[in-house]
Amino acid sequence: MNKIMKDYILGLLSKGERMDGRKLDEFRKPIKIEYGISTKSSEGSAIVHIGETMVIAGVKMAIGKPYEDTPDEGSLTVNVELSPMASESFEPGPPNDYSIELARVTDRVVRESGMIDVNKLCIKEGEKIWMVNVDIYPMNDAGNLFDACALAALAAIKDAKMPKIENDKVNYHEKTSKGLPLKKTPISVTVIKIGKHLLVDPLVEEFNALDARLTIGIDEANNPCAIQKGGDAPLSASDIDKMITLAKEKVKELRKVL
Amino acid sequence: MSKLLIEDKEVVIPGQILAEGMDYLPSNGAIREGDNIISTSMGVVSLSGRLIKIIPLTKRYVPQIGDVVVGFVKDLTYSSWFIDIGYSNDAVLSMKDATSDFIERGADLTQYFSHGDYMVAKIANVTKTKAVDITMREPGLKKLYGGKIIEVNPARVPRIIGKQGSMIKIIKDSTGCMITVGQNGIIWLKGPDLKNELIATEAIMRINECSYTQGLTEQTEAFLKERTGGKQHGVHQEA
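Chains as they are written, first to last, in our numbering: chain R, 1 to 258; chain A, 1 to 239.
Hints in this document: simulated from the structure, not taken from any laboratory.
Check the hints yourself; a few may be wrong.
[What the hints assert, rightly or not] EDC-like, lysine to aspartate or glutamate: derived pairs with alpha carbons at most 20 angstroms apart: (1) R:K183 with R:D72; (2) R:K6 with A:D23; (3) A:K190 with R:E17; (4) R:K15 with A:D193; (5) A:K195 with R:D72; (6) A:K9 with A:E151; (7) A:K195 with R:D69; (8) A:K195 with R:E26; (9) R:K6 with A:E151; (10) A:K142 with R:D7; (11) R:K3 with A:E209; (12) A:K143 with R:D7; (13) R:K3 with A:D90.
Hey, can you work out the whole structure from these sequences and the hints?
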């Protein structure tokens, strides 16, 4: 929408530059994760920083009834809330398209990779399961919320410890040493396309000027496990190939900070 | 016996007691409650004689006649443009204020300004009902081509411009950028290359974040000298 900024970004990209001086395929620094920031009120928690972007995630666990079609599987819910504190463009009120998409894409990366072994979350088939709730709160939106949210969800799930069960009730004050049953560690990398250029870790201005974007969840064997496409422009098969290759390359950097 | 509880240029928060007794008078951003004068906004204290005034750290832009602002075209009608200037009401740029050209009946107005075009304009009139008229028919007012847009809080604009434009002149001279600061907190910036644009942007954002500190001009000068290596660019035309 902002024509002057799009022209500016495109002008820089044609010279191989970006508006904050980075290379096209360079992530912002520092990328860091703090684990266990709220041990009292959550089972697992983490803060993720990617440059100025900051996201908090927490895991809460509760006992509930399984869905009828999956009687022996625990459930997973991912929720993203965009508070006006994070950016002046976020309004209070019911979730908007952006926060729903963030939550769905993060959910897909965690769920479709098979990260959590949901069968092990079953306590009694058809009656009792663990329900895992991942709540994600961006604290500052300086761009690339997709990747930051997925990283925060992963970190919080890795940090989570099962609470104790006493007399069929959950005692949240005492935690066992057992973590969630994990099988994989998926990380998402979002590649955006502006004009004919592909770039990673977009700033807010670049995100607003994008033609198309592809969020790719990649597991530790470097296999894509989830994909979401956004933006108005179509992507050709060769574009998608290039984007996935780039994402597979960049995911190694993110994996180092875990 | 009256007592002043704060110093000049101190940062205060809403509800803070600024002075006791009847010898002081509340001005903008302060009220009297009983014997005390209490701050109603977060900002920097400005004492002048018995008057206590708070200069707020953040505010919304309220247009005043004569302000030079940067805005963009949000919509257009058969005879005028609606310009977003960061106020609750869009400003109206009428055909006669937009250009001195003769415009034929039914002509395509997008040849002058189209959706999303940025421009420097002046507030010509603000009515009682807060309808805003702007004009382009004065020297220095023009459509903006290229460059980038930075947004800051309108309360910081006086610090970014400095006394008689001193601050902005330092940034322009040492980076060679063309910079236009609108009173509405929208800044247009175009430089010779990315490096100088980044330095100018960083300098502006530093002022934006430290607007309540003293000696900002010296700090900015030192910062720019460090980052540019003390190189002075030629004086560029006023953008």
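Against the structure, the hints come out as follows:
1. R:K183 with R:D72: Holds, at about 17 angstroms.
2. R:K6 with A:D23: violated (56 angstroms)
3. A:K190 with R:E17: holds (15 angstroms)
4. R:K15 with A:D193: holds (11 angstroms)
5. A:K195 with R:D72: violated (58 angstroms)
6. A:K9 with A:E151: violated (25 angstroms)
7. A:K195 with R:D69: violated (59 angstroms)
8. A:K195 with R:E26: Given that 20 angstroms is the threshold and the Cα spacing comes to 17 angstroms, the pair holds.
9. R:K6 with A:E151: Satisfied, since the Cα-Cα distance of roughly 16 angstroms is no more than 20 angstroms.
10. A:K142 with R:D7: This hinted pair holds, its Cα atoms lying about 18 angstroms apart.
11. R:K3 with A:E209: violated (27 angstroms)
12. A:K143 with R:D7: holds (15 angstroms)
13. R:K3 with A:D90: holds (19 angstroms)
Of the hints listed earlier, those the structure fails to meet are numbers 2, 5, 6, 7, 11, in rising order.
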